[in-house]
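Heads up: the sequence shown is residues 1 to 405, going by the numbering used here.
FYI, nobody ran anything at the bench for these hints, they're computed from the structure. Keep in mind it's a predicted model, so treat the numbers as computed, not measured. Honestly, I wouldn't trust all of these hints.
As the list claims (entries may be wrong) - Taking lysine-lysine pairs in the BS3-like style, the calculated list, with each CA pair at most 30 Å apart, reads:
{"#": "1", "residue 1": "K219", "residue 2": "K336"}
{"#": "2", "residue 1": "K141", "residue 2": "K219"}
{"#": "3", "residue 1": "K126", "residue 2": "K262"}
To be verified - Computed Cβ-Cβ distance ranges for the label pairs, DEER-style:
{"#": "4", "residue 1": "Q38", "residue 2": "T325", "range": "27 to 35 Å"}
{"#": "5", "residue 1": "K304", "residue 2": "F232", "range": "20 to 28 Å"}
{"#": "6", "residue 1": "G404", "residue 2": "G165", "range": "39 to 47 Å"}
{"#": "7", "residue 1": "A199", "residue 2": "K307", "range": "32 to 40 Å"}
{"#": "8", "residue 1": "A167", "residue 2": "S241", "range": "25 to 33 Å"}
Positions of the beta carbon are idealized from the N, C-alpha and C atoms, including for glycine.
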Amino acid sequence: MAFKDDRSSELPLKEIPGDLGLPVLGPISDRYHYNYFQGHAEFIKSHMEEYNSTVFRMNLLLAELINFPEPKVIVLADAVSFPILFDHSKVWKKDVLIGNYVPSTSFTGGYKVSAYLDPLDEKHGKLKILYLDLFASIHHKIIQVSQTCFTALFDNLEMDVAVKGEANFNTYSDDMAFNLLLRVFFDIDPTNLGNKGPAMMRKWLTIQFHTILTLGLPKWLSWVEDALFHSFPCPSFLVKSDYQKIYDVVYASSTPIFDEAKKLGLSKEETCHNLVFMSGANAYAGLRPLFRAVMKWLYLGGEKLHKDLFDEIRAVVKSEGGVVTISALEKMPLTKSVVFEILRMEPSAPHQYTRAREDMVISSHAASYQVKKGEVLFGYLPLAIRDPKIFENPNEFIGTRFMGE
Numbered sequence: 001m002a003f004k005d006d007r008s009s010e011l012p013l014k015e016i017p018g019d020l021g022l023p024v025l026g027p028i029s030d031r032y033h034y035n036y037f038q039g040h041a042e043f044i045k046s047h048m049e050e051y052n053s054t055v056f057r058m059n060l061l062l063a064e065l066i067n068f069p070e071p072k073v074i075v076l077a078d079a080v081s082f083p084i085l086f087d088h089s090k091v092w093k094k095d096v097l098i099g100n101y102v103p104s105t106s107f108t109g110g111y112k113v114s115a116y117l118d119p120l121d122e123k124h125g126k127l128k129i130l131y132l133d134l135f136a137s138i139h140h141k142i143i144q145v146s147q148t149c150f151t152a153l154f155d156n157l158e159m160d161v162a163v164k165g166e167a168n169f170n171t172y173s174d175d176m177a178f179n180l181l182l183r184v185f186f187d188i189d190p191t192n193l194g195n196k197g198p199a200m201m202r203k204w205l206t207i208q209f210h211t212i213l214t215l216g217l218p219k220w221l222s223w224v225e226d227a228l229f230h231s232f233p234c235p236s237f238l239v240k241s242d243y244q245k246i247y248d249v250v251y252a253s254s255t256p257i258f259d260e261a262k263k264l265g266l267s268k269e270e271t272c273h274n275l276v277f278m279s280g281a282n283a284y285a286g287l288r289p290l291f292r293a294v295m296k297w298l299y300l301g302g303e304k305l306h307k308d309l310f311d312e313i314r315a316v317v318k319s320e321g322g323v324v325t326i327s328a329l330e331k332m333p334l335t336k337s338v339v340f341e342i343l344r345m346e347p348s349a350p351h352q353y354t355r356a357r358e359d360m361v362i363s364s365h366a367a368s369y370q371v372k373k374g375e376v377l378f379g380y381l382p383l384a385i386r387d388p389k390i391f392e393n394p395n396e397f398i399g400t401r402f403m404g405e
């Protein structure tokens, strides 16, 4: 049965535009332009302009050449078409976390973790219940642990500035994000992994997801990076020791979670591998760019925004008896608006992939398009969330954008 949204019958039905080029050469050429010569956003923008459409076909060959998987995707880059990616009755999310490449399960103890399962899969449902129970059990300590971790972060930054005249925010922020997650999720003292825990996690993520990473090398060296990073899968033994150390620490601290998992019919081992992936590939990989984006856009917001935030936060915290609470955060409309605007300007998870579960019709602002069952849909959030038909001055950071109605 074909799916049509509420507007599809009112719009002209068009063929999805897109020139995929020659076999083999077309995908490789697109990959170089996507990763190196233009960059992700400019590459997609140029195709939008060429086809005069926010829905189009393109090659997105992120995986290794040795297997040469299906490179064709349908890009969704507007606020109307994008939401279909989250309609689980219409799309299938098995094995499309990062597009057409699925890392070996040897990176996760031989188990296929929840991120590669379809939401309608029974095991995915059990793991989701487990995660939600975990999140519910930690809400009371998130603020306190966050305050402790952020205090340590800024103490380190101020110390470096005092001694060296400068400080590297990214380094301290990355380490803090890792420590924060271990403390919040598992009550783990990060020193259990020495001072190498964050580096071990980053190494595991890099080797596992190398196909979607770029190193920022000069363009004339792009062929070297592409040959090493994007042509063949990296073996998991390169990070086996690091991963095992993280796994062991999480395992030793997860007895209450294992008790709940047992009720759901999940083994301790499978649960622990999923916990490591959830806290590392989902949470840590998302918090790293988020903290950097917050500092960047707060700085760019200007002095008036800084003062307005200062006044709002101080007044609300004072009214709450000098304590930051969840209820206090709800009374900070400007602060919430700024956070939403930062996420709009620089989303932590810019790419979303799914497969069509059935033949269906997808609509943009201007037209409707027929999508066949099994076709890969690629949502590019940085453009969809800056849709000029939805947001006025979409490329401008406006801290008050989400205040009021």
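Mind listing which of the numbered hints don't hold for this structure, in increasing order? 1, 2, 4 and 5
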